[in-house]
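Q: Chains as they are written, first to last, in our numbering: chain A, 1 to 363; chain B, 1 to 257.
Worth flagging that the hints you see were computed from the coordinates, not collected in a lab. Wrong hints could be hidden among the right ones.
Subject to a maximum C-alpha distance of 35 Å in a straight line, what follows is the list of computed DSBU-like cross-link-like pairs (lysine-lysine) [as the list claims (entries may be wrong)]:
| hint | chain 1 | residue 1 | chain 2 | residue 2 |
| --- | --- | --- | --- | --- |
| 1 | A | K282 | B | K122 |
| 2 | A | K355 | B | K134 |
| 3 | A | K355 | A | K282 |
| 4 | A | K282 | B | K85 |
| 5 | A | K226 | B | K134 |
| 6 | B | K85 | B | K134 |
| 7 | B | K147 | A | K355 |
| 8 | B | K85 | A | K355 |
| 9 | A | K282 | B | K79 |
| 10 | A | K297 | A | K226 |
| 11 | B | K122 | B | K134 |
| 12 | B | K134 | B | K188 |
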Amino acid sequence: MHPPASAHRPFAARSLDWLRENLFSTPANALITLLTLALLLWAGSSFVSWAVLHAVWGRADVATCNALFGQGACWAVIADKWRHMLFGIYPQGEQWRSALAVVIFCAIIVLSAMRAFWHVWRLLALWLSGSLLCAWLLAGGFALTPVPTALWGGLPITLMLAVFGTLFAFPLGILLALGRRSALPIVRAASIVYIELVRGVPLITVLFMASIMFALFLPEGVSFDKLLRAQVAIVLFNAAYIAEIVRAGLQALPRGQYEAADALGLGYWQTQLLVILPQALKITIPAQVNSFIDNFKDTSLVIIVSIFDFLYAVRQAVISDLDWRHYFVEGYLFAMAVYWLFCYAMSHYSQWLEKHLSRDHRL
Amino acid sequence: MDPTAAHVIPPNAEEIIRIEGLNKWFGDFQVLRNISLSVRRGERIVICGPSGSGKSTLIRCLNRLETHQSGTVIVDGIKLNDSLKNIEAIRNDIGMVFQHFNLFPHLTVLENCTLAPIWVRKQPRATAEATAMKFLERVRITDQAHKYPGQLSGGQQQRVAIARALCMAPRIMLFDEPTSALDPEMVKEVLETMVSLARDGMTMLCVTHEMGFARAVADRVIFMDEGEIVEQAPPEIFFSQARSERTRQFLDQILDH
Numbered sequence: 001m002h003p004p005a006s007a008h009r010p011f012a013a014r015s016l017d018w019l020r021e022n023l024f025s026t027p028a029n030a031l032i033t034l035l036t037l038a039l040l041l042w043a044g045s046s047f048v049s050w051a052v053l054h055a056v057w058g059r060a061d062v063a064t065c066n067a068l069f070g071q072g073a074c075w076a077v078i079a080d081k082w083r084h085m086l087f088g089i090y091p092q093g094e095q096w097r098s099a100l101a102v103v104i105f106c107a108i109i110v111l112s113a114m115r116a117f118w119h120v121w122r123l124l125a126l127w128l129s130g131s132l133l134c135a136w137l138l139a140g141g142f143a144l145t146p147v148p149t150a151l152w153g154g155l156p157i158t159l160m161l162a163v164f165g166t167l168f169a170f171p172l173g174i175l176l177a178l179g180r181r182s183a184l185p186i187v188r189a190a191s192i193v194y195i196e197l198v199r200g201v202p203l204i205t206v207l208f209m210a211s212i213m214f215a216l217f218l219p220e221g222v223s224f225d226k227l228l229r230a231q232v233a234i235v236l237f238n239a240a241y242i243a244e245i246v247r248a249g250l251q252a253l254p255r256g257q258y259e260a261a262d263a264l265g266l267g268y269w270q271t272q273l274l275v276i277l278p279q280a281l282k283i284t285i286p287a288q289v290n291s292f293i294d295n296f297k298d299t300s301l302v303i304i305v306s307i308f309d310f311l312y313a314v315r316q317a318v319i320s321d322l323d324w325r326h327y328f329v330e331g332y333l334f335a336m337a338v339y340w341l342f343c344y345a346m347s348h349y350s351q352w353l354e355k356h357l358s359r360d361h362r363l
Numbered sequence: 001m002d003p004t005a006a007h008v009i010p011p012n013a014e015e016i017i018r019i020e021g022l023n024k025w026f027g028d029f030q031v032l033r034n035i036s037l038s039v040r041r042g043e044r045i046v047i048c049g050p051s052g053s054g055k056s057t058l059i060r061c062l063n064r065l066e067t068h069q070s071g072t073v074i075v076d077g078i079k080l081n082d083s084l085k086n087i088e089a090i091r092n093d094i095g096m097v098f099q100h101f102n103l104f105p106h107l108t109v110l111e112n113c114t115l116a117p118i119w120v121r122k123q124p125r126a127t128a129e130a131t132a133m134k135f136l137e138r139v140r141i142t143d144q145a146h147k148y149p150g151q152l153s154g155g156q157q158q159r160v161a162i163a164r165a166l167c168m169a170p171r172i173m174l175f176d177e178p179t180s181a182l183d184p185e186m187v188k189e190v191l192e193t194m195v196s197l198a199r200d201g202m203t204m205l206c207v208t209h210e211m212g213f214a215r216a217v218a219d220r221v222i223f224m225d226e227g228e229i230v231e232q233a234p235p236e237i238f239f240s241q242a243r244s245e246r247t248r249q250f251l252d253q254i255l256d257h
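Could you build all of it, start to finish, from the sequences and the hints given here?
A: What follows is the structure, given as structure tokens:
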């Protein structure tokens with residue numbers, strides 16, 4: 001086979017060919033191309049001019065921003081309010097604790113993403129010690145000023161709800177997926193009812209249930225922390241979605257895998273844990289990450305039950321200040337950038353994970 | 001293959017499998033009709049027949065990959081019924097090799113072989129690995145022990161599958177069309193492994209159309225059609241003096257080319 005002749009031509013000539021073929025093939029196409037290009041240029045240049053060229057950077061007072069209002073972005077609002085945005089109404093003097101908790105929490109996540117930590121005991125030790133440390137930093141006690149959960153807010157809340165909301169939902173989701181395929185009619189029926197019921201309602205409903213209705217069923221005087229209730233609600237909600245993703249993975253495996261395990265005399269749990277799940281979960285990595293990114297962003301709904309997550313903290317930091325309240329667009333763009341950073345990192349990690357695992361088990 | 005190889009089973013060898021009046025339906029379709037079969041320890045049986053004749057289903061009923069609706073199956077004195085304990089005991093006695101190998105793709109060749117000994121037989125890892133290496137050597141795969149199944153050829157994968165089954169020290173081996181998914185040039189290496197196993201006195205039930213293999217090692221060849229055992233005889237009689245017309249037609253078709 002010879003490479004196509006075009007491969008020998010210079011890059012510029014080939015690019016021109018490509019343009020002619022794809023963007024300027026007919027007069028109408030050429031017109032659409034030019035119009036789109038003009039629109040993109042116009043929108044792009046206005047944004048750059050607003051967000052970069054005419055923007056107020058670094059610390060500045062409101063008057064400087066007001067003078068440029070409408071022409072340039074006021075990033076000074078972030079410089080002025082970032083602590084409030086990241087940590088919400090957590091007591092000002094103690095916000096270093098929130099910050100440290102976020103750093104530790106991210107460190108746990110990054111460490112457990114690394115191969116060296118992929119051992120049951122190492123992961124367990126890492127997560128137990130890390131989570132306890134974060135809990136102590138946030139809640140206080142033992143030499144730190146106690147801070148009630150009602151005052152927690154911002155990024156720590158968002159991270160905690162999202163990560164624990166998936167971590168604890170995962171085993172539950174796997175059990176539900178296995179239950180749905182179980183040969184035992186009662187287990188199967190219970191799993192189906194749970195999954196379909198939970199998937200059939202919006203997260204907001206579940207949060208409302210956990211926050212308001214749940215208390216009605218408890219005897220008087222007994223109450224659970226509101227944040228904990230929301231966390232449990234999120235876990236239960238995510239489990240139903242994870243269950244369906246896992247089920248798809250289980251169904252993708254050929255029957256022969258079950259038969260080989262049966263013929264070797266492996267029991268049900270041995271078959272699932274040693275043969276089926278390692279393969280099924282690998283297949284579902286892209287879907288799992290997709291669902292985790294969803295969960296991460298969905299945590300912003302907890303504001304409906306008065307838990308102050310990151311997005312709300314950002315909004316509140318700007319809106320509640322009479323001087324700065326006009327600059328919420330900058331605030332939201334900041335929130336967008338933070339969310340994007342986390343989601344982009346996750347998506348990249350999942351791609352690495354897929355490649356890494358498929359190198360191991362070349363099918 | 002050496003046709004003169006001795007495969008002598010003492011006439012008083014004990015019965016290891018007994019099937020009586022076995023019936024099985026898939027929905028309305030009756031796939032096994034009143035099958036009765038007795039297998040003595042050390043016997044090597046080849047089962048052939050057109051596709052859909054129920055030959056695979058028959059051997060899959062022996063280790064409960066399929067459940068039968070009526071009739072008796074007794075393996076090594078244990079009656080196969082709904083009792084999980086009996087099923088477990090019988091599966092411990094029987095090794096199986098599948099048409100599509102069914103190796104576990106996420107485990108290395110060695111891990112494939114040690115998984116069941118470690119988790120089912122509760123052997124220490126070192127013992128299980130030593131046994132596995134012994135059988136991998138026997139099927140001539142030792143240098144691939146740390147590769148994943150996907151990196152091996154079909155013939156190599158099937159030999160690993162045989163080693164994996166042998167690691168559980170089964171008394172009976174079932175082969176469900178072990179060579180029909182293989183490229184022609186790989187059939188020989190798998191058959192050679194099976195022949196050597198047969199020479200060692202393993203009780204074997206092989207569903208296969210490899211009639212050369214049947215001639216070389218089988219004590220009995222069984223022809224099945226439409227869920228029934230139509231004919232069974234030692235190979236020298238089966239191939240030359242089949243009584244039933246259906247058997248002769250079938251043999252004509254597969255020996256033709």
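Q: If a hint holds in the structure, say so; if it does not, say that too.
A: Evaluation of the provided hints:
Between A:K282 and B:K122, the direct Cα distance comes to roughly 27 Å. Compliance with the 35 Å bound is thereby established for this hinted pair. Only pairs whose Cα atoms come within 35 Å are accepted, and A:K355 paired with B:K134 is accepted, the gap being roughly 34 Å. Proximity of A:K355 to A:K282 is assessed by CA-CA distance (about 11 Å); at most 35 Å being required, the pair is judged to hold. Between A:K282 and B:K85 the CA atoms are separated by roughly 33 Å; this keeps the pair inside 35 Å, and the hint holds.
Between A:K226 and B:K134 the alpha-carbon distance is near 61 Å, which puts this suggested pair outside the 35 Å criterion. Our distance criterion of 35 Å between C-alpha atoms is met by B:K85 and B:K134, whose separation comes to about 30 Å. Between B:K147 and A:K355 the alpha-carbon distance is near 18 Å, which keeps this suggested pair within the 35 Å criterion. In summary, the hint linking B:K85 to A:K355 is not supported, as the alpha carbons are separated by about 42 Å, beyond the 35 Å threshold.
Between the alpha carbons of A:K282 and B:K79 the distance comes to roughly 39 Å, so the proposed pair goes past 35 Å and is violated. The straight-line distance between the Cα atoms of A:K297 and A:K226 is roughly 20 Å, inside the 35 Å bound, and the hint therefore holds. For the given pair, B:K122 sits about 18 Å from B:K134 by alpha-carbon distance, which is consistent with the 35 Å threshold. A threshold of 35 Å between alpha carbons decides the hint, and for B:K134 with B:K188 the separation of about 21 Å falls inside it, so the pair holds.
Consistency note: the structure conflicts with the earlier hints numbered 5, 8, 9.
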